[in-house]
Amino acid sequence: MGTWIKETDNAIYLMQGGYYLSKISKYPSKNNPEEKILNIRGIQSWFTRDDAPRGMTVSPGGEEPLPLPPPPPKSSVRRISDEGVFLIKSFEGLRLKAYQDAVGIWTIGYGTTQGVTPGMEITQTQAEQLLRRDVNKFEQAVQEALQVSINDNQFSALVSFTYNVGSGAFRSSTLLRLLNQNDIQGAADQFPRWNRAGGRILAGLTRRRDAERALFLGQDFRRFL
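Numbering-wise, our numbering puts 193 at position 191 of the sequence shown, and it's gapless, one number per residue.
Hints may contain errors.
To be verified - Straight-line distance between alpha carbons at most 25 Å, and here's what the computed SDA-like set of lysine to any residue pairs gives: (1) K8 / L23; (2) K25 / D11; (3) K8 / L40.
Said to hold, decoys possible - Pairwise CB distance ranges, derived in the manner of DEER restraints: (4) D185 / L227: 40 to 50 Å; (5) T50 / Y21: 42 to 52 Å; (6) D84 / R202: 31 to 41 Å; (7) G188 / D154: 12 to 22 Å; (8) N34 / Q126: 33 to 43 Å; (9) E36 / R135: 31 to 41 Å; (10) F49 / Y101: 33 to 43 Å; (11) P120 / Y21: 42 to 52 Å; (12) G106 / E37: 29 to 39 Å.
Quick caveat, the hints were computed from the structure, so don't treat them as lab data. Think of the CB as a built atom: it goes at the ideal place given N, C-alpha and C, for glycine as much as any other residue.
Please build the complete structure, drawing on both the sequences and the hints.
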């Protein structure tokens with residue numbers, strides 16, 4: 003697959019298959035605020051590739067491309083269910099322009115925080131791609147932390163939980179410790195404890211934890227949406 007160069011208002015990119023492989027940002031000129039400067043030294047390595055770019059597109063005012071996604075996880079990685087994805091989408095909501103969440107973290111799409119900057123905008127298709135990328139990461143994190151066998155509902159609830167609280171918090175949680183001791187009910191009862199952000203109890207987090215607990219126990223989680 004060949005490569006090409008794409009220029010936007012903020013950067014130039016080495017592109018392949020609709021994603022960028024490398025990025026060089028522009029920065030404001032000190033002498034002329036209406037101009038931007040680009041360090042072209044970094045471009046040299048692009049032309050030493052076997053598939054060196056032979057063309058260029060210029061997109062003034064266009065969308066910034068997304069980085070090349072990581073390779074898909076090995077087939078042995080377990081997948082979240084459609085119900086689990088629906089739960090995540092329902093509570094995260096879809097925002098196509100970057101915003102600050104309840105604790106001030108810049109967020110976009112379905113709760114994506116990695117690489118988000120003020121003023122960033124994406125399409126719904128890009129939001130779906132970011133969601134899948136993030137879910138892949140948390141599926142693997144949950145699977146690696148488990149020491150017991152669980153069913154699909156339990157796994158999906160844990161992926162939603164970890165998507166929200168982060169892999170580190172999940173790995174150090176009492177919920178995981180009890181689950182790895184085969185205390186299913188004890189683990190389920192830990193979900194409601196995770197309903198705070200910035201030290202405050204949030205109604206949305208309370209409902210989300212109730213929904214995840216219900217899915218974990220094989221109950222109707224949709225009544226909490």
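Comparing the hints with the structure gives:
no.: 1; hint: K8 / L23; verdict: 11 Å, holds
no.: 2; hint: K25 / D11; verdict: 13 Å, holds
no.: 3; hint: K8 / L40; verdict: 14 Å, holds
no.: 4; hint: D185 / L227: 40 to 50 Å; verdict: 27 Å, violated
no.: 5; hint: T50 / Y21: 42 to 52 Å; verdict: 20 Å, violated
no.: 6; hint: D84 / R202: 31 to 41 Å; verdict: 32 Å, holds
no.: 7; hint: G188 / D154: 12 to 22 Å; verdict: 20 Å, holds
no.: 8; hint: N34 / Q126: 33 to 43 Å; verdict: 37 Å, holds
no.: 9; hint: E36 / R135: 31 to 41 Å; verdict: 36 Å, holds
no.: 10; hint: F49 / Y101: 33 to 43 Å; verdict: 39 Å, holds
no.: 11; hint: P120 / Y21: 42 to 52 Å; verdict: 23 Å, violated
no.: 12; hint: G106 / E37: 29 to 39 Å; verdict: 33 Å, holds
Hints 4, 5 and 11 from the earlier list are contradicted by this structure; the remaining hints agree with it.
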